[in-house]
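2 protein chains.
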Amino acid sequence: MTTKKLGIQTAALANPPTLAAWANVVGKKEGEGPLRSTFDYIDTDDTFGEATWEKSESAMQKQALGLALNKAGQAASNLDWLFAGDLLNQCIGSSYAARGQQVPFLGLYGACSTMGEGLALASMTLDGGFGEWAGVVVSSHFCTAERQYRTPLEYGGQRTPTAQWTVTGSGAVILAREGEGPYITHVTVGKIVDKGITDTNNMGAAMAPAACDTIAAHFQDTGRKPSDYDLIVTGDLGTLGSELLLELLRRDGIQLSNHTDCGALIFDLKKQDVHCGGSGCGCCASVLTGHLLGGIKAGKWQTILFCPTGALHSPTSAFQGESVPGICHAIAISRKK
Amino acid sequence: MTTKKLGIQTAALANPPTLAAWANVVGKKEGEGPLRSTFDYIDTDDTFGEATWEKSESAMQKQALGLALNKAGQAASNLDWLFAGDLLNQCIGSSYAARGQQVPFLGLYGACSTMGEGLALASMTLDGGFGEWAGVVVSSHFCTAERQYRTPLEYGGQRTPTAQWTVTGSGAVILAREGEGPYITHVTVGKIVDKGITDTNNMGAAMAPAACDTIAAHFQDTGRKPSDYDLIVTGDLGTLGSELLLELLRRDGIQLSNHTDCGALIFDLKKQDVHCGGSGCGCCASVLTGHLLGGIKAGKWQTILFCPTGALHSPTSAFQGESVPGICHAIAISRKK
Chain U
1 MTTKKLGIQT AALANPPTLA AWANVVGKKE GEGPLRSTFD YIDTDDTFGE ATWEKSESAM
61 QKQALGLALN KAGQAASNLD WLFAGDLLNQ CIGSSYAARG QQVPFLGLYG ACSTMGEGLA
121 LASMTLDGGF GEWAGVVVSS HFCTAERQYR TPLEYGGQRT PTAQWTVTGS GAVILAREGE
181 GPYITHVTVG KIVDKGITDT NNMGAAMAPA ACDTIAAHFQ DTGRKPSDYD LIVTGDLGTL
241 GSELLLELLR RDGIQLSNHT DCGALIFDLK KQDVHCGGSG CGCCASVLTG HLLGGIKAGK
301 WQTILFCPTG ALHSPTSAFQ GESVPGICHA IAISRKK
Chain Z
1 MTTKKLGIQT AALANPPTLA AWANVVGKKE GEGPLRSTFD YIDTDDTFGE ATWEKSESAM
61 QKQALGLALN KAGQAASNLD WLFAGDLLNQ CIGSSYAARG QQVPFLGLYG ACSTMGEGLA
121 LASMTLDGGF GEWAGVVVSS HFCTAERQYR TPLEYGGQRT PTAQWTVTGS GAVILAREGE
181 GPYITHVTVG KIVDKGITDT NNMGAAMAPA ACDTIAAHFQ DTGRKPSDYD LIVTGDLGTL
241 GSELLLELLR RDGIQLSNHT DCGALIFDLK KQDVHCGGSG CGCCASVLTG HLLGGIKAGK
301 WQTILFCPTG ALHSPTSAFQ GESVPGICHA IAISRKK
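Sequence lines, in order, name chains U and Z.
Everything in the first sequence is counted per our numbering, starting at 1 for the first residue and increasing by one.
Everything in the second sequence is counted per our numbering, starting at 1 for the first residue and increasing by one.
Hints were generated in silico from the structure; no laboratory data involved.
Source: prediction; values computed, not measured.
You may find that some hints are simply not true.
Which copy? The list can't say, so a pair holds if one copy fits it or any two copies do.
[Claimed, not checked] Straight-line distance between alpha carbons at most 20 Å, and here's what the computed SDA-like set of lysine to any residue pairs gives:
1. 29 - 44
2. 195 - 243
3. 270 - 32
4. 4 - 18
5. 4 - 15
6. 195 - 102
7. 4 - 176
8. 5 - 74
Generate coordinates for the entire structure from the input sequences, incorporating the hints supplied.
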């Protein structure tokens with residue numbers, strides 16, 4: 001068998017898996033934003049009926065997966081593999097959501113890039129001939145992230161101008177080996193890139209070099225160019241990180257005129273007081289599973305390059321003076337094969 | 001193409017990838033144990049030359065991967081994919097170890113089962129036709145785990161009789177699409193199983209039901225029986241968890257006479273004061289990459305079923321009264337195809 005690897009970082013899927021169904025679930029603030037009509041469920045108080053924020057996040061993730069499975073007409077037990085991840089210590093958002101579901105489970109940690117990592121692994125697994133159905137689900141919750149990464153909500157900490165707002169949301173995708181599309185045709189898996197940013201309130205700057213690295217690698221590996229995509233969408237660089245990405249790509253000789261960022265799309269940046277935009281695994285996941293895949297299905301776009309970004313640090317690494325390593329995975333999604 | 005999925009949870013590798021090279025690095029206490037001659041490097045003070053325990057863990061993981069790559073005669077940049085994980089919040093042991101290495105990175109969180117999850121995904125990826133080389137590296141460190149999961153070392157907390165001792169160690173495996181073996185022939189990916197154990201000092205009891213579930217599924221899916229393996233090796237059930245596993249399997253009609261556990265092998269349970277044995281991602285990883293694969297290479301065993309176990313909880317989930325979900329992945333390793 002010939003290799004299906006292109007260049008250094010890219011897998012070309014010989015029999016591109018279908019995105020058979022998708023769903024998302026978000027919190028109140030996200031439901032008040034410009035993408036409100038693209039969400040399947042908006043919770044009124046972000047608790048999702050649970051007594052702790054961590055349990056709320058698990059409930060949200062379980063609900064997103066359940067809704068996506070319903071749309072695909074499948075039971076969880078029909079999934080060959082479930083890939084899942086979140087931002088919580090030891091990824092408890094995912095493991096408690098999947099507990100009791102009869103499905104082989106593969107836990108991922110890719111920070112806010114996890115939806116990209118999950119789509120990459122799920123599509124390679126199905127294209128590799130292993131089973132018929134795979135699920136990918138990720139989540140983030142503003143209230144679990146604030147107390148874990150920053151300060152408890154009750155503290156009422158001020159936010160710096162470069163800060164972003166962790167999205168309360170979960171997105172789930174059901175992939176099938178055969179189907180009518182949209183399809184995943186290529187995945188470019190990112191390297192860890194660290195340019196020495198130590199300001200943990202400026203994640204956009206920390207992740208932009210990784211996004212630049214992966215997007216440039218994708219074009220290099222595939223021989224494609226920016227205009228081959230209707231839209232090139234990063235995960236959660238926010239407004240400042242997006243500017244940096246475009247500048248870094250320009251220096252590499254790549255001009256993007258079709259770039260947007262899920263973190264800049266999900267909130268009204270003028271009215272919703274989120275500074276540089278949204279962030280968190282749930283940010284690009286809930287934008288993908290509503291606005292983006294909905295737009296492809298409606299014929300608005302034929303091909304997009306979905307590039308979730310992640311910052312692979314922790315409060316401990318920050319306290320120890322470490323800089324913030326970034327990563328970005330690029331997933332080429334096409335309406336036709 | 002026909003599916004390479006067997007039953008509910010098992011992937012049968014059509015062209016079994018080779019374990020081309022492996023290496024391990026451990027701490028002082030592990031180096032004083034019965035497996036001392038099977039370790040590639042034993043640190044004298046567990047710092048690995050670094051100023052914080054978290055940086056020590058990253059240095060250890062980087063060293064294990066480097067040693068394995070040297071044995072394989074490969075540079076890190078020749079790896080098509082690197083799968084890595086650890087127990088630290090946001091998996092910083094792995095991301096800082098892989099930072100600056102020119103390799104597509106896929107972060108995993110499977111608690112102490114992560115070596116199993118990594119071998120499963122790496123072997124499916126290579127067998128699926130994606131590239132020629134993949135690396136898997138995982139780690140745990142007693143000092144990072146104690147302060148994160150339990151109490152700072154300075155506190156000098158007493159340990160309960162059912163407690164286990166987190167191994168300071170890292171194991172790395174380099175897989176190749178073609179080679180002379182040993183081979184990974186089957187992987188059985190575990191479901192999350194939670195029987196309601198809430199004692200976080202009794203991980204063996206929390207994980208034994210997951211090990212039972214996966215081992216039974218492996219036999220069901222493949223049609224194999226215990227005697228098809230020279231050795232069935234769980235990850236870190238320890239002595240108590242191992243007893244529970246054998247009892248649970250007996251109730252399912254499965255008798256194991258060839259079972260052992262990495263947590264019971266790595267320390268001298270009579271002399272080293274580790275109560276029920278070793279634990280942590282580094283436990284089964286350092287036993288696999290020394291004692292087990294060394295034994296296969298030497299012809300001591302022809303086939304083993306390597307079954308790393310993990311407890312997918314966190315201190316937060318414990319404080320919130322949650323029970324401990326377990327998982328186990330089974331990897332069939334054979335000297336011949």
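The hints, checked one at a time:
In this assembly of identical chains, the alpha carbons of residue 29 and residue 44 lie at most 20 Å apart only when taken from the same copy (9 Å versus 53 Å across copies). Only within a single protomer do residue 195 and residue 243 lie at most 20 Å apart by alpha-carbon distance; the minimum there is 16 Å, versus 50 Å between protomers. Taking the shortest alpha-carbon separations for residue 270 and residue 32, only the intra-copy value of 13 Å comes in at or below 20 Å, while the best inter-copy value is 62 Å. Taking the closest pair of Cα atoms, residue 4 and residue 18 come within 20 Å of each other both inside a single copy (18 Å) and across two copies (18 Å).
Both within a single protomer and between protomers do residue 4 and residue 15 lie at most 20 Å apart by alpha-carbon distance, with minima of 11 Å and 15 Å respectively. Proximity of residue 195 and residue 102 under a CA criterion of 20 Å is satisfied inter-copy only: 14 Å between copies versus 42 Å inside one chain copy. Within a single copy, residue 4 and residue 176 get their C-alpha atoms as close as 19 Å, and across copies as close as 15 Å, so both meet the 20 Å cut-off. Taking the closest pair of Cα atoms, residue 5 and residue 74 come within 20 Å of each other only across two copies (18 Å); inside a single copy the shortest separation is 31 Å, beyond that limit.
Going down the numbered hints, you'll see the structure goes against none, and every one checks out.
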